[in-house]
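Novice: Line by line, the protein sequences give chains A and B.
The first sequence runs 7 to 154 under our numbering.
The second sequence runs 22 to 195 under our numbering.
FYI, nobody ran anything at the bench for these hints, they're computed from the structure.
Warning: the hint list may mix true and false statements.
Listed below are the simulated DSS-like cross-link pairs for lysine-lysine, each with C-alpha atoms no more than 25 Å apart in a straight line [as the list claims (entries may be wrong)]:
1) B:K70 - A:K41
2) B:K119 - A:K46
3) B:K70 - A:K53
4) B:K147 - B:K70
5) B:K37 - A:K46
6) A:K46 - B:K159
7) B:K159 - A:K53
8) B:K147 - A:K53
9) A:K41 - B:K119
Restraint ranges, calculated between C-beta atoms of paired labels, are given here [said to hold, decoys possible]:
10) A:L107 - B:S158: 25 to 35 Å
11) A:E97 - B:D67: 13 to 23 Å
12) B:W186 - A:L68: 54 to 64 Å
13) A:E69 - B:I79: 24 to 34 Å
C-beta atoms are modelled at their ideal positions from N, C-alpha and C, and glycine is treated no differently.
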Amino acid sequence: MLRYQEDNELHLDFHGTTNTTLNYIAENYGVEALKEILRKTGRDVYKSIHEKLVKGDASELLEHLNWFYFREKGKYQLTVEENRIVLEVFECPAIRHLRKLGLEPSPHVCLQTSEVNAGMCENSPWRSEVQVLGEGHCIQTFTKDAGK
Amino acid sequence: MIPSDHFVRFYNEVFKFLDERDGLRPYYDQISRHQELHCLEWFRRDGLKGMYDYWEHIRIEENCEMEQKLLPDRLYFRMSRCPSLSKVLDCDAEPCAKYCDHCAGWVLPLLTKCGYYYVENIIGRKTPECVSVITPSKEVAEEVQKEYLSSAVEENTVFSNLDNWEEVERNKRS
Numbered sequence: 007m008l009r010y011q012e013d014n015e016l017h018l019d020f021h022g023t024t025n026t027t028l029n030y031i032a033e034n035y036g037v038e039a040l041k042e043i044l045r046k047t048g049r050d051v052y053k054s055i056h057e058k059l060v061k062g063d064a065s066e067l068l069e070h071l072n073w074f075y076f077r078e079k080g081k082y083q084l085t086v087e088e089n090r091i092v093l094e095v096f097e098c099p100a101i102r103h104l105r106k107l108g109l110e111p112s113p114h115v116c117l118q119t120s121e122v123n124a125g126m127c128e129n130s131p132w133r134s135e136v137q138v139l140g141e142g143h144c145i146q147t148f149t150k151d152a153g154k
Numbered sequence: 022m023i024p025s026d027h028f029v030r031f032y033n034e035v036f037k038f039l040d041e042r043d044g045l046r047p048y049y050d051q052i053s054r055h056q057e058l059h060c061l062e063w064f065r066r067d068g069l070k071g072m073y074d075y076w077e078h079i080r081i082e083e084n085c086e087m088e089q090k091l092l093p094d095r096l097y098f099r100m101s102r103c104p105s106l107s108k109v110l111d112c113d114a115e116p117c118a119k120y121c122d123h124c125a126g127w128v129l130p131l132l133t134k135c136g137y138y139y140v141e142n143i144i145g146r147k148t149p150e151c152v153s154v155i156t157p158s159k160e161v162a163e164e165v166q167k168e169y170l171s172s173a174v175e176e177n178t179v180f181s182n183l184d185n186w187e188e189v190e191r192n193k194r195s
């Protein structure tokens with residue numbers, strides 16, 4: 007069950023404000039500070055997902071990924087195995103909307119994925135990895151350490 | 022991707038980080054410049070009606086419980102359930118004590134540039150309600166500010182750009 011499951015109107019322009027914020031923090035406080043804010047978002051905002059992952063349970067993470075990429079009309083494929091979750095995003099809804107607004111995606115735009123995922127997995131048997139294959143195209147992999 | 026639904030919860034983390042470093046004001050200015058992309062020409066061209074239309078679009082997309090009244094000399098808002106603060110209060114991370122300040126933080130510089138006065142009463146920092154007025158009239162803004170200050174329960178809950186009235190008047194003419 008998801009801790010947050012919005013199902014009403016979407017305000018996609020928030021992707022523009024996120025983009026501006028990523029640039030602002032990186033330019034004024036450094037990329038490491040930006041990563042820390044994003045990891046903290048993963049740990050604290052998504053506390054419920056994080057706590058389940060610490061116990062080895064990826065059920066809420068799966069629901070979260072599926073619900074929000076579906077809700078924002080992303081093109082994606084989610085593959086689930088016992089100790090491995092692979093989300094291939096073929097067209098990122100955030101980047102698609104930035105282009106629609108005429109905004110250049112931040113050079114740090116994919117950190118919102120890699121660092122929030124890392125924060126959710128922190129101190130858990132799960133680890134995350136993001137491979138960026140092109141603009142709006144990535145593979146997010148969550149792997150559970152064997153024996154944990 | 023941080024879902025657009027969860028942006029305000031991320032925003033809250035950013036505010037806490039910046040507040041610890043006394044860095045909120047320059048960030049609000051940056052967000053205000055970003056918002057110019059959506060609003061500046063629209064507001065300058067269409068005035069209060071343009072602002073009404075913009076916030077009507079926001080009311081729908083952001084799921085606000087909000088009433089707007091467009092009068093000849095002012096645009097009046099009453100937010101009875103702010104979706105932004107509501108989400109931050111419904112979050113496993115701690116709310117930033119200054120969360121509500123961001124609204125006036127980006128709106129005030131934008132409306133100053135457009136030559137309008139803005140007066141807002143956030144009522145309470147843990148109450149997802151607020152009232153505000155946008156007006157081209159300094160006299161109306163002063164009257165509204167007086168009314169909000171007289172009814173304020175908490176400190177520092179009333180915001181306005183009346184201190185920058187000369188800039189507002191100059192921008193009104195340009």
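Novice: Run the structure past the numbered hints and jot down the numbers of the failing ones, going up.
Specialist: 1, 3, 4, 6, 7, 11
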